[in-house]
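Enquirer: The residues making up each chain are set out below.
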Amino acid sequence: NAGVMQNPRHLVRRRGQEARLRCSPMKGHSHVYWYRQLPEEGLKFMVYLQKENIIDESGMPKERFSAEFPKEGPSILRIQQVVRGDSAAYFCASSPQGVNYGYTFGSGTRLTVV
Amino acid sequence: EDQVTQSPEALRLQEGESSSLNCSYTVSGLRGLFWYRQDPGKGPEFLFTLYSAGEEKEKERLKATLTKKESFLHITAPKPEDSATYLCAVQAVGNNAGNMLTFGGGTRLMVKP
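So the sequences go chain by chain: E and Y.
Just add 6 to wherever you are in the first sequence, counting from 1, and you've got my numbering.
Just add 3 to wherever you are in the second sequence, counting from 1, and you've got my numbering.
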């Protein structure tokens with residue numbers, strides 16, 4: 007039973023390009039969460055999704071960032087027109103029915119903007 | 004606003020030297036307090052969930068305890084393989100807030116042989 011799969015593991019983008027981060031939740035998990043870990047900072051909540059629905063996006067920057075979790079396929083975190091400050095590790099977590107049932111984190115995508 | 008503060012930021016121990024990590028929290032209503040371990044280049048790995056003051060949980064050399072204002076992660080006779088960053092997080096009571104975790108900055112533990 008594979009865990010939470012994130013790809014790519016490492017992503018390098020030039021300023022102004024788009025970054026697409028993918029997350030496949032654990033089998034049987036229908037809840038997906040995205041967190042960002044900036045250098046020397048703690049994990050910060052970004053967005054919580056269920057299939058085809060954004061439940062809570064209170065941690066998402068208002069511009070350039072979007073997330074989706076389609077009926078089929080992985081969850082996608084999209085960052086448009088990346089800037090150097092977007093460089094961070096982005097972690098996806100999944101759970102079967104909300105955080106009370108336990109988060110399982112993926113290994114993260116490390117985004118570097120040059 | 005929910006806040007989680009972990010101390011110390013870094014801790015060096017000799018193998019076998021027991022110690023405790025602190026997690027102080029401020030939250031409108033606590034639904035759960037979580038401990039995770041994070042190794043370099045990897046995602047956090049779940050250790051414990053505590054729900055009410057006085058609760059304790061153990062796993063091998065680790066024991067987590069909870070009061071109304073803080074949690075401790077006690078490490079008994081640590082080994083070099085316990086070296087990692089330990090993260091504390093709280094889940095608040097509330098609608099959407101109930102499904103997100105607020106993390107502390109972590110304690111980086113280094114155990115020397």
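Hints may contain errors.
[Said to hold, decoys possible] Lysine-lysine pairs mimicking BS3-like chemistry, simulated, CA-CA at most 30 Å apart:
| id | chain 1 | residue 1 | chain 2 | residue 2 |
| --- | --- | --- | --- | --- |
| 1 | Y | K45 | E | K57 |
| 2 | Y | K60 | E | K77 |
| 3 | E | K68 | E | K50 |
For the record, the hints were derived by calculation from the structure and aren't laboratory data.
Enquirer: Against each hint, give a clear statement of whether it holds in the structure.
Expert: Hint-by-hint comparison with the structure:
1. Y:K45 with E:K57: With Cα atoms ~26 Å apart, Y:K45 and E:K57 stay inside 30 Å; holds.
2. Y:K60 with E:K77: 38 Å, violated
3. E:K68 with E:K50: Holds, at roughly 15 Å.
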